[in-house]
Amino acid sequence: METVKLTIDNKHVEVPKGTTILQAAKQAGINIPSLCYMNLPHLAQEHKPGSCRVCVVEIPGKKTLVPACVTKCTDGMEVLSHSLRAINARRTVVELLLSDHPKDCLICPSSGNCELQKLSINMGIREINSVENAAISTYRKDSSPSLLRNMDKCVMCRSCETICNEIQTVGALSAVNRGFMSVVAPAFEQDLTDSPCTFCGQCVAVCPTGALTAVDNTFHVIRALADPTKTVLIQTAPAVRAALGEEFGYTPGTLVTGKMVAALRALGFDKVFDTDFAADLTIMEEGTELLNRISRHLSGDKSVRLPILTSCCPAWVNFFETNYSDMLDVPSTARSPQQMFGSIAKTYLAEKMGIKRENMVVVSVMPCLAKKYECQREEFKVDGNPDVDYSITTRELAHLIRMGNVDFKSLKDEDFDRPMGESTGAGVIFGATGGVIEAATRTAYELFTGKKLEKVDFYELRGMDGIRTATIDFDGTDIHIGIAHTLGNARKLLDGIRKGMYNFHAIEIMACPGGCIGGGGQPLHRGDSIVLKARMQAIYKEDLNKVIRKSHENPEIARLYEEFLGKPLSEMSHKLLHTHYFSHPKK
Amino acid sequence: MYKMQLLVCGGTGCRASASAKIVEKLNESLASHGLTQDAQVVTTGCFGFCEKGPIVKVIPDNTFYTQVKPEDAEEIVAEHILKGRKVKRLLYENPETEEHIPDSKHMGFYQKQLRIALRNCGFIDPENIDEYIARDGYSALAQVVTELTPQQAIDMVKQSGLRGRGGAGFPTGLKWEITKNFTSDQKYVVCNADEGDPGAFMDRSILEGDPNTIIEAMAICGYCIGASKGLVYIRAEYPLAIKRLQIAIKQAKEYGLLGDNILGTNFSFDIELRYGAGAFVCGEETALIASMEGKRGEPRVKPPFPAEDGYQHKPTNVNNVETYANVPVIFLKGPEWFSSIGTAKSKGTKVFALAGKINNVGLIEVPMGITLREIIYEIGGGIKNGKKFKAVQTGGPSGGCLTEKHLDTPIDFDSLVAAGSMMGSGGMIVMDEDDCMVSIAKFYLEFIVEESCGKCTPCRVGNKRMLEILEKICQGKGNMEDLDHLRNFANVIKDTALCGLGQTSPNPVLSTMENFYDEYLAHVKDKRCIAKKCKALATYTIMPDVCTGCSVCAKNCPVEAITGERRQPHFINQNKCIRCGVCYTKCKFNAILVQ
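The listed protein sequences correspond, in order, to chains A and B.
For the first sequence, our numbering begins at 1 and goes up steadily by one.
For the second sequence, our numbering begins at 1 and goes up steadily by one.
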């Protein structure tokens, strides 16, 4: 490999040709601060607009300073990252950013997690040199069921724009206005709810400041817990247990399932259940639907629509409702696990527990922002009472635990309540990309072939590649499977299907990179692929730890069908566990 | 053949003063006198002498009529065309000697000029390709595509020393060569006609007066770099230029000078127009390309340069209108001829838009190396109303202010930069003793703040902060610390902004701080505006010996700050005065003193 030799702050460095100064410096142990730069190697996306000018460095003899994030190293280059000229410029640039930023750090939702705040701290900025009452660019606040936009805090790094357009291909956000009033917003500065936004929340995940944040429902939950007339249930999504620990100082990938359950009990939830139970239920319904379609297809029924698409991910549902309204009959009609859980809890379980629907509050902890929107959809309400009352994120749960004065690290592991806390390894892997389809395969194989599946690990369905395909031998019948994560990859597959390019039987789609483990409600990873991979490993470890690893073997699921639902796709199932889609979704 | 031709300026400025009507009236008069076989009326492009428009020029005797009205048409025809007697009252009058100048050859405005880029403006009908061809139009293209290899042609451009006229002055031939050396299935030739400097209109004048020269030059460039597609990015506010360019493209296609197999060779080239919405920053080449691609018009980090990664990520050569306008002449007259004009490092001529407090406002083209003194006093006819020269702002909003001490510097790309300004696209705004240099810096910064694309922090926020400081200073609330901050912001923006616009945006502040620091100090320390332009700093007093006690000032004062008995000297209560200046404008006896 061709290399170049240079010095950075008098340190000799040798790097491959094409390396940027920022990368080379890092290699040499020199951390040049940056703000707008964002590297997402697992998505093959390097966002480097070179616009914040925080990473400017001096190259003696050059007319101007250069941004380290985009300037490539050349042979013999001399770089000074902390010369007086560079430090003064960098400090002035940060001061300028601060001068156009609200100074409410103490009460900002991103306080402690803010890249601008970090820069200010690291540079020891104690005053901002500008005129008194210097103008601050302010914008109309925008709220939606999932996301909040307070663009007064936007630093124009435009990471959200890259995520929304390049990765998700949603196109809800782009830079508008000019000069001092430039800001990232939906077209014509519409509200997010009127834009094509899917509430995937990836913009929140990459926003370095408090400009894009999640709707906070923690106080609704606290009020419900304090209400003696209410029975408060909580369900926890699979990806939460693989990331919650990060909020309490555990290394990424540490499973904290037992501590999480203990914490929730300590907080006063009447029942601590697992969304994994509903994931198993989803497999029963969706798997049966898949088999039905395949069987009809194999018997020559031309009217059957294949491939079947998974429908667990609410951002993905919003995406196809907005962009593929001609294909609304393609996705599975199965509701997401969150919603299946809510609807079973408020019928089957409420009856069992002998409480009225309106006195039951169902809370969900999700790695996701779109779930907040999903649980508010009209079709998931009965007489105005939602199946799931409040959806909170992993981050909100951490707040709740801290607010409840619970010392998380010292908690002893506890187990979920029954019946809706019983789950299988198949339910757990819903949290990672490829997991839903792997879980479905485990069940569908046995139902289709009538044979026992000996090897339940389908490694060919796992991994971080954006689009993956595999063919599974169902005892002589080849089943073609596709997997996509990120909506941009989903679009590629969908466009191909529209053109009739593929012969897939089933496709799993998740909106977020890595699946739910990389969701917009998770501890902010800002695109760190090492964190994502660690969480993914944790998910598969949890699967391995489970005694039962196939959804249809979950005894509580079997009991549910026996006592209440009858069989998959029964009339009762259709009423409680399935849904329909809208071409012009109301938001 | 006609014995005489009446050239009527059809540029945007003169058209706004009814030059189309003049053409109509002249034709009517010629008809009524039975002279239609003897004289022809031609609508041309701009003559440059816009101060005195509309212009009617009679050839062959070069009689130069100024400020012509439609009703003057009959007299011009009856006297000049029929009887051979010039209409004296319409001739240009020398402001100093008050004598009427019989023809353009004797006008100071034209004597020092050398017209290469503007060679056809005001001579030919821009809507008729035959007139362009009659003046050797398209013979450079013919020569290039039939006799020269692309490299030979590029070598000639390199040899000529032509540098980009858009502002930065990058050697044109080298740019072409770099673009040529990138291999690609498709390359593009782009003409930057997004003229955005306030007051500059040389590109518009060339496109309105001689559109074919741009087409010819772009085709030559296409041949040289291996491109078959040309794009002109032109602001939509230039409807006349757009129309004439469209006509020229259509005619060139009809003549086989554009399209497939030009002049029977293997070379094919076509041109399309792309319209800009008038954003200043879209004159920056990467922003221009983004805009053409339908993206937000904002620059990106360079490298890669458009020569490698341009329109649709293909190698693209971007030159501005004036640069292209020079190209055919290099081939017609030879690169040696071209490089014999100008200074050591800046060859040829430069078009300037002369504006401000100068007698002859207009468009001029002068050889590189001319001094500011020659431009201002000989071509420009000196300062208006005999006032004292103070400064000249060159290079548009991101240029700098030059002063008395720079008057004898030969101007070219490098000397202007050395003096703290720049060539820019060639705006030249002259200021006199009544101009406040702090306000001037503020004015330019207002423009920059308005036109910043908002991409990078220094330009987006820094310029706003500088403007706020200048506003504070002009209100008399500035302190010495503000001046330090102002200088620091200016230096940091210059050092860190992403594009050329941002990097040069502090120039008006830096150059006025360099050359007129005493004015800043006066504003800050003495709370005084030397030019009396900053209203908030003015003190209005009544001179008791001049005041007649007419009370008009007191009646008009909106805050009742003026008191006094009738027929007795009046008095302004400084505590009440809001410095609106109404008393000053209303006083018939010049009794109000502004300090």
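For the record, the hints were derived by calculation from the structure and aren't laboratory data.
Check before you lean on any hint, since a few could be wrong.
As the list claims (entries may be wrong) - Computed footprint of chain B on chain A; a stretch qualifies when at least three of its residues, placed anywhere within it, have a C-beta under 8 Å from a C-beta of chain B:
| id | region |
| --- | --- |
| 1 | 97-110 |
| 2 | 455-464 |
| 3 | 543-550 |
Unchecked claim - Keeping only pairs whose Cα atoms sit at most 25 Å apart, straight-line, the calculated DSS-like set for lysine-lysine is:
| id | chain 1 | residue 1 | chain 2 | residue 2 |
| --- | --- | --- | --- | --- |
| 4 | B | K345 | A | K63 |
| 5 | A | K26 | A | K230 |
| 6 | A | K5 | B | K158 |
| 7 | A | K62 | B | K314 |
| 8 | A | K72 | B | K314 |
| 9 | A | K48 | B | K295 |
| 10 | B | K345 | A | K17 |
| 11 | A | K26 | B | K302 |
| 12 | B | K158 | B | K3 |
| 13 | A | K17 | B | K295 |
What the hints assert, rightly or not - Per label pair, the in silico range of CB-to-CB distance:
| id | chain 1 | residue 1 | chain 2 | residue 2 | range |
| --- | --- | --- | --- | --- | --- |
| 14 | A | D495 | B | K250 | 37 to 43 Å |
| 15 | A | K103 | B | K527 | 27 to 33 Å |
| 16 | B | E471 | A | K103 | 42 to 48 Å |
| 17 | B | K405 | A | N122 | 26 to 32 Å |
| 18 | B | Q159 | A | G124 | 25 to 31 Å |
| 19 | B | P239 | A | S583 | 53 to 59 Å |
| 20 | A | I222 | B | K527 | 55 to 61 Å |
| 21 | A | D191 | B | K405 | 56 to 62 Å |
| 22 | B | E272 | A | M501 | 49 to 55 Å |
| 23 | A | N122 | B | Q152 | 23 to 29 Å |
| 24 | A | K103 | B | D518 | 45 to 51 Å |
| 25 | B | K525 | A | N122 | 49 to 55 Å |
| 26 | A | K72 | B | Q151 | 27 to 33 Å |
| 27 | B | E404 | A | E2 | 38 to 44 Å |
All C-beta atoms in this analysis are idealised placements derived from N, C-alpha and C, irrespective of residue type, glycine included.
Hints, one by one, checked against the model:
By the rule of at least three residues with a Cβ nearer than 8 Å to a Cβ of chain B, the coverage given for the region 97-110 of chain A holds, with 3 such residues. Given a C-beta distance limit of less than 8 Å, the hint that chain B covers the region 455-464 of chain A is violated, as 0 residues qualify and 3 are needed. Residue count for the region 543-550 of chain A with a Cβ under 8 Å from a Cβ of chain B: 0. That is fewer than the three needed, and the coverage hint is violated. For a cut-off of 25 Å, the pair hint linking B/K345 to A/K63 stands: about 20 Å separates their Cα positions.
Restraint check for A/K26 and A/K230: not satisfied, since their Cα atoms lie roughly 54 Å apart, outside the 25 Å limit. For the proposed pair A/K5 and B/K158, the alpha carbon gap of about 34 Å is over 25 Å, so the pair is violated. About 28 Å separates the Cα atoms of A/K62 and B/K314, which puts this hinted pair outside 25 Å; it is violated. The hinted pair formed by A/K72 and B/K314 meets the criterion: a straight-line CA distance of about 21 Å does not exceed 25 Å.
Note on A/K48 and B/K295: the hinted pairing holds, with a Cα-Cα distance of about 17 Å set against a maximum of 25 Å. Distance restraint check for B/K345 and A/K17: the Cα-Cα separation of roughly 35 Å exceeds the 25 Å cut-off, and the hinted pair is therefore not satisfied. Between A/K26 and B/K302 the alpha-carbon distance is near 23 Å, which keeps this suggested pair within the 25 Å criterion. The suggested pairing of B/K158 with B/K3 is violated, with an alpha-carbon distance near 42 Å, which exceeds 25 Å.
Between A/K17 and B/K295, the direct Cα distance comes to roughly 31 Å. Violation of the 25 Å bound is thereby established for this hinted pair. Distance hint for A/D495 and B/K250: a CB-CB separation of about 40 Å, consistent with the stated range 37 to 43 Å. Range check, A/K103 to B/K527: about 31 Å between beta-carbon atoms, so the 27 to 33 Å window is met. Here the CB-CB span from B/E471 to A/K103 is close to 22 Å, at odds with the stated 42 to 48 Å.
Range check, B/K405 to A/N122: Cβ separation about 45 Å, and the 26 to 32 Å hint is violated. At about 56 Å, the CB distance of B/Q159 to A/G124 disagrees with the hint of 25 to 31 Å. As the Cβ distance of B/P239 to A/S583 is approximately 43 Å, the hint placing it in 53 to 59 Å is violated. Taken as a hint, the range 55 to 61 Å holds for the pair A/I222 and B/K527, whose Cβ atoms sit roughly 58 Å apart.
Separation of A/D191 from B/K405 is about 58 Å and conforms to the stated range, judged on CB atoms against 56 to 62 Å. Checked against the given bound of 49 to 55 Å, the beta carbons of B/E272 and A/M501, roughly 34 Å apart, lie outside it. At about 58 Å, the beta-carbon gap between A/N122 and B/Q152 misses the expected band of 23 to 29 Å. In this structure the supplied range 45 to 51 Å is violated for A/K103 paired with B/D518, their Cβ-Cβ distance being about 37 Å.
For B/K525 paired with A/N122, a C-beta distance near 38 Å fails the hint of 49 to 55 Å. Our hint of 27 to 33 Å for A/K72 and B/Q151 holds, since their Cβ atoms are close to 29 Å apart. A C-beta distance of roughly 55 Å is found between B/E404 and A/E2, which places it outside the suggested range of 38 to 44 Å.
The structure fails to meet hints 2, 3, 5, 6, 7, 10, 12, 13, 16, 17, 18, 19, 22, 23, 24, 25 and 27 from the earlier list, while all remaining hints are met.
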